[in-house]
Structure formats: C-alpha cells, structure tokens
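Given the structure of chain A, go ahead and fit chain R onto it with the hints provided.
Going down the list, the sequences are from chains A and R.
Residue numbering for the first sequence is 1 to 449, as defined by the numbering used here.
Residue numbering for the second sequence is 1 to 449, as defined by the numbering used here.
These aren't lab readings, by the way, just hints derived from the structure by calculation.
The C-beta atom is built at its ideal place from N, Cα and C for all residues, glycine as well.
In silico negatives: residues of chain A with every beta carbon more than 10 Å from chain R:
(1) Arg76
(2) Gly86
(3) Asp145
(4) Asp174
(5) Leu179
(6) Lys342
(7) Ala434
Output of the computed footprint for chain A on chain R, the stretches with three or more beta carbons under 8 Å from beta carbons of chain A:
(8) 93 to 101
(9) 141 to 154
Below, computed lysine to any residue pairings styled on SDA-like, alpha-carbon distance capped at 20 Å:
(10) R:Lys28 x A:Arg90
(11) A:Lys28 x R:Glu91
(12) R:Lys150 x A:Glu259
(13) A:Lys289 x R:Ser153
(14) R:Lys150 x A:Asp253
(15) A:Lys150 x R:Pro255
(16) R:Lys150 x A:Pro255
(17) R:Lys129 x R:Ala406
(18) R:Lys150 x A:Ser223
(19) R:Lys150 x A:Glu256
(20) A:Lys150 x R:Asp253
(21) R:Lys150 x A:Val251
(22) R:Lys342 x A:Asp253
(23) A:Lys28 x R:Ala94
(24) R:Lys150 x A:Ala222
(25) A:Lys342 x R:Asp253
(26) A:Lys28 x R:Ser96
(27) A:Lys28 x R:Pro72
(28) A:Lys28 x R:Arg90
(29) R:Lys28 x A:Asp95
(30) R:Lys289 x A:Gln313
Take a look at the letters that make up each chain.
Number of protein chains: 2
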Amino acid sequence: MTTITGVAVHDVRFPTSVSADGSDAMNKDADYSAAYVVLSTDDPSLSGFGFTFTIGRGNDLCVEAARQRALPLIGRDVEEIIGDLGAVYRELGADSQFRWLGPEKGVIHLALAAVMNAVWDLAARRAGKPLWRLLADMTPEQLVDVADLKYLSDALTREEAIAILRDAEPTREDRIAELERAGYPCYTTSAGWLGYSDDKLRRLCQEAVDAGYKHIKLKVGASLEDDIRRCRIAREVIGWDAKLMIDANQVWDVPEAIEWVQQLAQFQPLWIEEPTSPDDVLGHAAIRKAVHPIGVATGEHGMNRVLFKQLFQAEAIDFCQLDSARLGSVNEILAVYLMAKKFDVPVCPHAGGVGLCELVQHLSVFDYVAVSATLENRVTEFVDHLHEHFVDPCIVEDGAYRLPSAPGYSAEMYAETIETFRFPEGTYWQSEGASSPAHEYALVVGGER
Amino acid sequence: MTTITGVAVHDVRFPTSVSADGSDAMNKDADYSAAYVVLSTDDPSLSGFGFTFTIGRGNDLCVEAARQRALPLIGRDVEEIIGDLGAVYRELGADSQFRWLGPEKGVIHLALAAVMNAVWDLAARRAGKPLWRLLADMTPEQLVDVADLKYLSDALTREEAIAILRDAEPTREDRIAELERAGYPCYTTSAGWLGYSDDKLRRLCQEAVDAGYKHIKLKVGASLEDDIRRCRIAREVIGWDAKLMIDANQVWDVPEAIEWVQQLAQFQPLWIEEPTSPDDVLGHAAIRKAVHPIGVATGEHGMNRVLFKQLFQAEAIDFCQLDSARLGSVNEILAVYLMAKKFDVPVCPHAGGVGLCELVQHLSVFDYVAVSATLENRVTEFVDHLHEHFVDPCIVEDGAYRLPSAPGYSAEMYAETIETFRFPEGTYWQSEGASSPAHEYALVVGGER
Numbered sequence: 001m002t003t004i005t006g007v008a009v010h011d012v013r014f015p016t017s018v019s020a021d022g023s024d025a026m027n028k029d030a031d032y033s034a035a036y037v038v039l040s041t042d043d044p045s046l047s048g049f050g051f052t053f054t055i056g057r058g059n060d061l062c063v064e065a066a067r068q069r070a071l072p073l074i075g076r077d078v079e080e081i082i083g084d085l086g087a088v089y090r091e092l093g094a095d096s097q098f099r100w101l102g103p104e105k106g107v108i109h110l111a112l113a114a115v116m117n118a119v120w121d122l123a124a125r126r127a128g129k130p131l132w133r134l135l136a137d138m139t140p141e142q143l144v145d146v147a148d149l150k151y152l153s154d155a156l157t158r159e160e161a162i163a164i165l166r167d168a169e170p171t172r173e174d175r176i177a178e179l180e181r182a183g184y185p186c187y188t189t190s191a192g193w194l195g196y197s198d199d200k201l202r203r204l205c206q207e208a209v210d211a212g213y214k215h216i217k218l219k220v221g222a223s224l225e226d227d228i229r230r231c232r233i234a235r236e237v238i239g240w241d242a243k244l245m246i247d248a249n250q251v252w253d254v255p256e257a258i259e260w261v262q263q264l265a266q267f268q269p270l271w272i273e274e275p276t277s278p279d280d281v282l283g284h285a286a287i288r289k290a291v292h293p294i295g296v297a298t299g300e301h302g303m304n305r306v307l308f309k310q311l312f313q314a315e316a317i318d319f320c321q322l323d324s325a326r327l328g329s330v331n332e333i334l335a336v337y338l339m340a341k342k343f344d345v346p347v348c349p350h351a352g353g354v355g356l357c358e359l360v361q362h363l364s365v366f367d368y369v370a371v372s373a374t375l376e377n378r379v380t381e382f383v384d385h386l387h388e389h390f391v392d393p394c395i396v397e398d399g400a401y402r403l404p405s406a407p408g409y410s411a412e413m414y415a416e417t418i419e420t421f422r423f424p425e426g427t428y429w430q431s432e433g434a435s436s437p438a439h440e441y442a443l444v445v446g447g448e449r
Numbered sequence: 001m002t003t004i005t006g007v008a009v010h011d012v013r014f015p016t017s018v019s020a021d022g023s024d025a026m027n028k029d030a031d032y033s034a035a036y037v038v039l040s041t042d043d044p045s046l047s048g049f050g051f052t053f054t055i056g057r058g059n060d061l062c063v064e065a066a067r068q069r070a071l072p073l074i075g076r077d078v079e080e081i082i083g084d085l086g087a088v089y090r091e092l093g094a095d096s097q098f099r100w101l102g103p104e105k106g107v108i109h110l111a112l113a114a115v116m117n118a119v120w121d122l123a124a125r126r127a128g129k130p131l132w133r134l135l136a137d138m139t140p141e142q143l144v145d146v147a148d149l150k151y152l153s154d155a156l157t158r159e160e161a162i163a164i165l166r167d168a169e170p171t172r173e174d175r176i177a178e179l180e181r182a183g184y185p186c187y188t189t190s191a192g193w194l195g196y197s198d199d200k201l202r203r204l205c206q207e208a209v210d211a212g213y214k215h216i217k218l219k220v221g222a223s224l225e226d227d228i229r230r231c232r233i234a235r236e237v238i239g240w241d242a243k244l245m246i247d248a249n250q251v252w253d254v255p256e257a258i259e260w261v262q263q264l265a266q267f268q269p270l271w272i273e274e275p276t277s278p279d280d281v282l283g284h285a286a287i288r289k290a291v292h293p294i295g296v297a298t299g300e301h302g303m304n305r306v307l308f309k310q311l312f313q314a315e316a317i318d319f320c321q322l323d324s325a326r327l328g329s330v331n332e333i334l335a336v337y338l339m340a341k342k343f344d345v346p347v348c349p350h351a352g353g354v355g356l357c358e359l360v361q362h363l364s365v366f367d368y369v370a371v372s373a374t375l376e377n378r379v380t381e382f383v384d385h386l387h388e389h390f391v392d393p394c395i396v397e398d399g400a401y402r403l404p405s406a407p408g409y410s411a412e413m414y415a416e417t418i419e420t421f422r423f424p425e426g427t428y429w430q431s432e433g434a435s436s437p438a439h440e441y442a443l444v445v446g447g448e449r
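If we strip away everything but chain A, and leave its shape as in the complex, we get:
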C-alpha cells in the first residue's frame, strides 16, 4: 500500500511585470505566479504536482487555502484516492464551511483546482501515462462518474453525457494517430500584449507568421485610436487569410463593448474576447447578437460549470475558453467539455500564465479524441513564457502542440525554480536587483505583519 504522507504548497512568483509581458487593459502589472502543490507519498518515486495560477499579490491566500483543502488527503491510500477520483473531488468540495466562502468560486475554488490538479497528476503518474491518455483509456461510464454534473441536469443529463462519449469511442485511436502526426493546432498571444511598442508588435507578428501561426491575438480596450493603429499593423503583417483575434480583458460595459467592437469590425476579427464582466451571461448574449459575424469568446475567468452552463443555454458565446487552473480540475472541466459538445460550441482553452499551456494541451487532445471528435474552429492558446521552469514542458512546432508523452499532467516545476522564485524567501526575491510592482507592495504587506 502506498500512502499520501504530506502536502507542501509553495508561493512561486515570477517578476514578469518588469518586461510588460502579460500586460492588457485590465492587468497592467501582472507578476505571473503559482500556488504550487506537491503531494508526497511513502514511495520516493511517486509524487503529485499541481497548481493554480495568479498574477501576484494574493497568491499567498491561494497557497494557504490549498494547504487547508489538501489536508484531508494526508494518510490516505493512493489506490483508494485514484480508484475513485469522483469521490475525492466531491469530498473535498463538500466542506460546507469552505463552501460558504464561494461557493465554488474565488480563492477557495482556485485552491480546489490546485489540489485536484495534483491529484490527477498523481493518478496519471501512478498509471505511467500522460493525463490525456489516462482519460482516453477510461470508458464513457468511468468518465461520467468522475465528472461534476451537480446543478447541470437541466442542460445535460448523465445519459446524454454517456451517449456523447459513446459516439466518439469507436474512433478514438484514429484521432490519436492523427494528433501524433500533426499535433493540436494553437495560436499565439505573445505578439500582442498592450505594453509592447508598435515596432515590437510588428516584429513579433512577423515572427509568429514565420513560425507557422495562422492566428494572432491582440489586446485592446485602453484606447480606441491605439487599437485601430495596432490592428492595422497586425493586418499589414499577417494579411487577411490569417485570423486576427482581439481581447479586451473585461474593461467595457455592455453598450460600450458593442460600440467599440463595431469600430474595429473593419479588421474582421474572428472573435472579441472578454468584452465585459465574466459573470455577465446575458451581457455576452446581447453583445454577441450585436457584433455578429464577429464571434464572442470568454471563459478564462469563468468561475465554475454553472456559469458555463448558462453561457451555453443563453447562446452567449461562439468560443468557450475554459481555464485549467480556475475550474475544479478535470472533474469540472469534463462537465464543461460535455456541455460544449451538446450545445455545439468549440472549446479553445485559455493558456499562457504559468504552466497553463502545459495543462491545456492534455485537455485539448482529450477533447478531440473522446468528446468533440472535430478540430473545426478549435485552436488552443499558446504563450511562449516560462516553459523553461517545467520538467516536461509543452512543445509547439508549426503552430501545433506536440502530444505530451511523459507520465502525468506536465505540472512539475524544477526544484531550482522553486528555490529561486519562492516568495519572499527565494534567492531571486532576496537578491539586490529584484524588483517589480508586486514585489515592492508585497514586501510592505509582509512588513506590516
């Protein structure tokens, strides 16, 4: 018997705000961070790694919440846990005192995501399979048993979920073979951060085209004049056959979103991403009607499956951008994929950040193999930052993710990374040259204790 013997949660922060990587109309000084969970066992060769993603201050809250949420796992038999990954998810989620702080949203839910990501990583490592393969080897009934269908039965019944998975089951291996050959298509956001100069934008767009990308995304929403100029530069470089996406990161009210996007319609964007509050189902539906044929995309701040259910029911979105570290790991994400299939909405997961690309590659592959069975209108985000910190980093070639092959969920960071970027004790943060807006503020916060 192998037993879970401990949980450690690390506050890992990278000083990305220094270079304006990740800057947009809402988030001007993001320091990409992770509340990083390590589940250890009494087998020295077996651990589980997982995390949630934040942009700096407050990462400490997620760390402490994840530590508390993971405690019930200590002392438990690994086989019992991974033998019923639905039961452990429900057990951790049912804690009514924590639930009060959401329910199923905010810090508490980010923490559940971090812990369950580590549990799924542990399960895949134990099975000796990459996560996507662990899932693709499960029967429709097994998959639906681990999915969180609570509050969804008015949109998707258990029987419908099983039927969706059964339809795709006979041809799973054909699609795996196809992905082994061609990879899963992705797009890049690295070119278009709002803090970049026009020259840098032009150069990065050209580099993206040269690297084989057919989709480019720009941040918009701070200044209409700037947005028009930047969209024009992007179209000059990428031409009109490539797809241009725009992303406002929630800065607009609904009427303002409609007006602004109509001013950018001349650049024929494929989608407007996060035009308004991520909670506003009816607002997204109104925007979608008004800006057609421009699509509406949202989901990186989609707090839980109940929100996605409503986005589907209200026909509010053209693209579902679920987040692998905000939803309650595979259990809740599975439910969103199944609803997306029923409502015929393509899922193009949010990535970037720290390690989100590493996670979503598994999810996109699984979706194609076992749920959606199509690549039509599907393209997964890729941002070329911080992959060097991961033991099993994602690999992108010719605008496509290569299939991950190592056991697990690709979530493990190097020990040296943790030592360097642990906040505030890590060697980077203790060094004299260290600086970032988050850093300075957070040291003040620490000093006040």
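Just chain R, lined up with the frame of chain A:
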C-alpha cells in the same frame, strides 16, 4: 487633520455548531464567525469597525485578505477618505492582482466588504450619525457618485438612478417619522433550523407568534417526508393568515427543485429561498415560472451586482435577499437597491449570522426612506443570536426593527468578545471545554503548519 494610523483584523469564531443553531440542508455544522476589521486613527475617540461573515474554517483567509486590502488606507487623511467614499472604494477594488482572484467574488470580495464596511462605519461615526441617516442626508447625485454602477449601464444608467432617488426625495422625512413610530417589519428564522426537533420547532413557532411575528421561515431540502411533517406543524401553530417561507440552501438541481417545491405547495409558502446554485440566473428563472404563485427568493450568496443585474433582467426572482457582508459594502449595495427599484423587485435582506442584523437594519431603513418608498412585500430577516456581543445591538419589538440611533453602522463588538472568541488564541478556544467540529479540524490545520 485626522489620520488613519492602523488596521487590525481579528479572526472571531463562535461555537454555534454545538447547539445546531444555523443548521440547514447544506450547512450542517456552521460556526458563525467574523473577519473583524478595526481601523484606528490618531484621534483616540474615532475608529471604524466592520466585518464580513463566514461559518468557520476559512475565516483566517478572509482575515488575511482584509488586512492586505486595508493597507492602502494607512496614513491617509480621514477627511479625504470619507469625503469621497466612491473614490476609496474604486481604488481598493481596482487592484488588478487581487482582482484576478475573483474578480469581485469569493474571499477577495468578502474582504473588500469587511474593509469598506469599516470605512462606512468610520464615516458615520465621524458625522455623528447612524449610517442610515448619513445616507438619507445625501443628495441623489452624492449617492449615485458613491454607488458602483460599473457593468450595469445596460440595466440602469446614472440618469435613471438619479431620477429614482429624486422621486423619493421630497417625502423622505415623512417615512423617517413613520419608521421612528412603527419600526421596520422583520421575520424570524430562529424557529426553523433543520437540526431542531419537532417539539422544539412547535415551541419556537408558538413563541414567534406570541412575539408578534407574521412571517416564519423553515429550512427544507434534506428529506421530503420531514419537510412535509415540519411544514404541517408550522401551519398548525401559525395558522394560514401568517406567512410561511421555506429555504433549501442550494441543495437542488433545477428539475429537482421544481418537483420538490410542488410537493410543498399545499402549505402555501410565500417563497422558496435558494432552491439551487446561487450562480444560476437562468435556473432561478425556470423555477420561478414553474412554481408560480410561490415566489422565488435568493441573494445571500449573490456574489456581486452583476449577478443581481441578471436576476432582475431575467425576471428570475420575486424577492432580492442581498447580503451586507458579501457585496462590496454600501457602494455596491446601493447599486442593487437602485436596480431592484427599477425592476420592481422587493429587497428583503439576508441577516442572521454574526452582526448581519445590525447592518441590514440600516440598509432597509435607507431603502424605504430614499429608494423604494414602500413597505409592500418587504420584510427583513431577523435571527436572535449573538446580538449580546455588539455594543449597539439591533432592537426588535413587535416583529419590527427599531431605528438605530447611535453614530455608525452598529458594527462594533465588545473588546471582551474579541478576547474570548478570537481563534485560536481566545480564552474560550483555549479552555478545556471548548469544542466544535470547526474547532477540532482547525486545530489540526494549525498543527500541520
């Protein structure tokens, strides 16, 4: 000049789970708790007190989040802060790194509520007025300036908000005089907690009737058979002229809610409260259509004004139960009251917990005086627990809240209460007899550090 010199946030927990006070179908072992904020100034006679409410574990997360959120207030001029209570709210809320952890929901937003509740308490004390009077003395323009209308303009414009307040302005003093005489009507939940025996239920219903209450609320949702028996007992005691409300605390899926409530329709409940996930706008709308003429009520877990906007737009609720410690204090609550008026939905605030009654009495009075100008279908929750810990406790007589008269937001607790119930250092929690499910678990959590 008076300066804010410090912030202290205390983790205060009461062992309510021992007596099953507060037990319902979702929350079986609530230990009522508060993340309690004290803003001190260099004037020894002036402080601001505020809190958010939780039910036990995780209160520490709210405490730490509130501490960090309040830090930008230190060193600031009190007159500057209270001279523009919209600016300080927007400044604290705009922190983009914290925002990522919501946005505007969960721990981060509960913490904002706690801090801004203390700021509003400080403002009312400085003015020498109870909070309701501070608000009632503001002009329509001043009120709209402090209200958070971001993301609402598709439902309520600034001009509409001002017009609503102008309509009620000339007759404000008449309604204040009426409330001074009769109080603001309330109902009691103290009778109907799920953990109480039939005999205790019968006795408490009788006591409520004897005390002048015309509304009684029961918890339902764990067992249909039990619910039918308990509703029958309640009707036997209170008769058919009094109003009976039922509350399921989110336990059902949408189809299940409809079926269950139809089984209880024979008892003619005024409303079914929290039939399903608090995030499910479209689900509440579907339930409302199906169970008419039984009303649908929700809001104690309503995470922010964008959710309430949609509940109004979708005609999903008959009663709006906003929470004074979950929404972003008066700034966000004002916006919800204004929308409720426009959409003609009565607001019956959630109370109970720790100190929520103390807060909501001010809000209900202000709503009647300056916004809704009617008492029709309005009744504010009252639960007779824990008031003894407050320096200026609410007073209920003949089923109505008496108007608070002391300066502030009635949020201050006795110093002795803090010393006794601070977790885990307080004298109660260090005593040998101390016990509660939260206590035992939280000590384990602490021991693992």
